[in-house]
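*Asks:* Which chain is which? The protein sequence lines are A and L, in order. Under the working numbering, think of the first position of the first sequence as 1, with each following residue one higher. Under the working numbering, think of the first position of the second sequence as 1001, with each following residue one higher.
It is worth saying that the hints were derived from the structure and are not from the lab. Each hint should be verified, as a subset may be incorrect.
Cβ pair distances, simulated, as ranges [to be verified]:
(1) LEU1149(L) with GLN8(A): 34 to 42 Å
(2) PHE1598(L) with ARG184(A): 39 to 47 Å
(3) GLY40(A) with GLU1176(L): 18 to 26 Å
(4) ARG1090(L) with HIS251(A): 49 to 57 Å
(5) ALA58(A) with ASP1184(L): 43 to 51 Å
(6) PRO1239(L) with VAL17(A): 28 to 36 Å
(7) GLY40(A) with ARG1090(L): 28 to 36 Å
(8) LEU1476(L) with GLY248(A): 44 to 52 Å
(9) ARG62(A) with PHE1598(L): 50 to 58 Å
Positions of the beta carbon are idealized from the N, C-alpha and C atoms, including for glycine.
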Amino acid sequence: MGRLLDIQGLTRRFGGVTAVVSLDLHVDEGELVSVIGPNGAGKTTSFNLISGLDRADAGSIRFNGRAIERMRPEAIAALGLARTFQHGRVFANLSVEDNVLIGAHTRLRAARPGWPVFGPIAELALALLRPPAVAREDRALRAEVREILTLFGDRLSNRLDHPAYSLSYANRRRVEIARALALRPRLLLLDEPTAGMNPTETAEMQGLIASLKARGTTILLIEHKLEMVMQLSDRVYVLDDGAKIAEGSPHSVRNDPAVIEAYLGHSDLGGAEPAALETPTSGSRAWA
Amino acid sequence: MSSFIDYTINGLVIGNIYALLAVGLALIFGVANLINFAHGSVYTLGAYIGWAAITFLHTPLPATMGLVFVACAGVGVLIERIGLRPLQGRARIAPLLATIGISFVLDQIVQLVFSPNPRAVPNDLPDWRLNIGGGSIGALDLLIAAIGLVSAGLLFAFLRFTRLGFAVRATAQDREAAQQMGVDVDTVNSAVFAIASALGGLSGLLVGMYYNHIDPGMSFQATLKGIVAVVIGGVGNVPGAIVGSLMLGLIESYGIALFGTTYRNLFAFVLLIGFLLWLPNGLFGGRAVLSTEPLTGSFIAPSRPLRVPPWAVWALAGAAFALPLATGAPYLLQTLTNAWLAAMLALSLTLISGTTGQISFGQAGLLAIGGYASALLVIDLGAPTVVSIPVAGLIASALGTLLVFPAFRLRGHYIAIATLAIGEIVSLTILNWESLTGGAMGISGIPPISLLGQEIYSARAVYWLCLAVVVGLALLQTRLLSSHLGRTLRAVREDEIAARSYGIRIDRYKALAFAFGGFGAGVSGAIAAHLYSYINHQTFDSQLSLLALTMVILGGMGNVLGAILGAVALVGLPELFRVTAEYRILIYGIALLLLIRFRPQGLLGAV
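Work out the full structure, taking the sequences as your base and the hints as a guide.
*Replies:* Structure, rendered in structure tokens:
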């Protein structure tokens, strides 16, 4: 079992606020590791740093042995890292099928030519001429998308050509996960995959994540629903105020006094209403 | 030395006039997050109202200024009511497009009421000049300086000490919070538009008096100058806008002294691009303009495109090809030929702005590059037109992509402004690069297109040629959209962050869209050059870019068939119904306003 993700001393400051403080974290191949902590603990910031959307002020991130802390998100994705977003970022006007196909972009041979100027021209030419190899690749990918979508039963399979904006919230989250899987990730970052889902949908998502784990997918998970974290995780990291306050097996973390003090102290362990911790700060209009 | 002082004084006076314009733009951007493209039209309107008052009512200067101030304030309130308030909560580009529609309408009304002829604005100021250090200052210079200082002072006092001014500042800082605290945001918007427009109108009047010349065509340049000044000072920053204006005035004035008048606007736009790229927050920073908030420039309303069955499309194309067999009426065929040329432009723009979400206000620059390239290839190098036209398309594609490439990191409104400036820079470069382009004289005697040794000049042949090119480009574009590039470009439009996280190199695909679109636009410009036989730097002006955008919105952003339909509707129909040229722009403006308000997804639906 190799060390797939190895983070050391990761630090990120926003003005006077330090969102992440010298964080050490690692994920081994085949593991499912969870990151928990109250809102503002720095979980999503860490995900943004790992996936290249944000730059760390200090620290190193190694993915599969390569330093990625200075790489751009598109390059990191090409190395086999896929992520979902906390509030969901599906492509609203694209169909379910196209959304998931975008996930396979880094594997697309038709989009491969990388030389400056001539690369894009070659890509354009391949797209317009569509030689048999390109057409074959396209058919194979579409078949693969259908296969990925069967993971969600018939919730998405019979909505292939529906635009994403027409889907329910839970279905949009599922499309996001399908899109991430289409990348065939070596490491999958899931940022609160069950946020906003009802208990049935949550249980379904938990089943799905468990089956991904059983298939050997390496997963780094941010989640507020602690019962789920306890059941799924091999190891758990607990963050508070940007710093790691505990790590270890679900069992040891659950009983760690620092964790109970910082996090579980002001919420029910595995409570039925963890969503209350997770009030989205999206717009004031809802209260206007 | 004396001339240096004169140029300085001149620069400061012009800067003061720009400041009156720019302060309004900055105020409006501050509270409404909107670049008001109708601002220059209010300025022109102010100039004409002043001219009419002086000429017909013989009002003394203070009364004229008061009248202009009040009338333009009223127009400002109307603009806010029509262009902004109904569009709240829409894509951020929607109100911006609405102000473009309003500017079309206002400009056209001015032209219809006052005639397109330039006018002289008389003033009853004393004729003395004060000599200082070899330069001289006239009464008008002092008046303009005084008005600039007084209005800046009043504005400061208003913002600082009045309740409404307080509300304006609160709204500018955080609109939603202000609203929740009980600030009536609509009233604030209204007040800001009134003040901004009143100052803009005053600026127009002063310019008219300063140059003793006004014409209805001056509004667009005025808007652009205001925008440049605002960007220099930091968008939304009122004191910054004043400093930016004075700087712009001085730089222009010294520039003219060193290089000549035709370079004047080139400085402004090069400055604009420079600031957008390297100092996007302007000299004084102020607000973090390029925030991480997803500001997509796209204008795609969630909608299902209308599915037109393929047989219907082919039947339409067949009918279009068969038309010249049924009628030889040259007028009809020429009109439709113009529509096909416009359709090539609309196809290119719908890919860039619709599919890829990069709103471009400078698309006509690509026509100009294509037109000049083909004309020069044929005239200077003796190339046959069958070679020169596609090569011109490639040149437009390469040059256009190269020019916008640095602007790819800009988002939303800023890419629109950058493309606008690039379009203007292309036109001004053509004007000033005399050895290559003939400068202001343009190029005349461009030979007609010849195919297989046969010159194509009959209305029928030209019609068929252009239609065939349109069909060819449309087929290519459809094929592109059905490939992986189609979904990739649309993903770039929808969410750059998510796209990058899935390995999409944004710049590469934006460049691909501009390159593919640039080819079609270049070919359109090249064919047009050979059909017109004469082109100059104004043949393909920015109004054409905005018209193309209207076509694209009319047809449905990103919609290939829609782009062609939009071109036929906006170029062909007014011509066929013999709408006189004066009313045409009015119709475009009203069409744009109605579309944005009631059917933002266009006729066939955005894709």
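*Asks:* State for each hint whether it applies.
*Replies:* How the hints compare with the structure:
no.	hint	verdict
1	LEU1149(L) with GLN8(A): 34 to 42 Å	violated, 59 Å
2	PHE1598(L) with ARG184(A): 39 to 47 Å	holds, 45 Å
3	GLY40(A) with GLU1176(L): 18 to 26 Å	holds, 21 Å
4	ARG1090(L) with HIS251(A): 49 to 57 Å	holds, 52 Å
5	ALA58(A) with ASP1184(L): 43 to 51 Å	holds, 47 Å
6	PRO1239(L) with VAL17(A): 28 to 36 Å	holds, 30 Å
7	GLY40(A) with ARG1090(L): 28 to 36 Å	holds, 32 Å
8	LEU1476(L) with GLY248(A): 44 to 52 Å	violated, 59 Å
9	ARG62(A) with PHE1598(L): 50 to 58 Å	holds, 55 Å
Violation of the numbered hints given earlier is confined to hints 1, 8; the remaining hints are satisfied by the structure.
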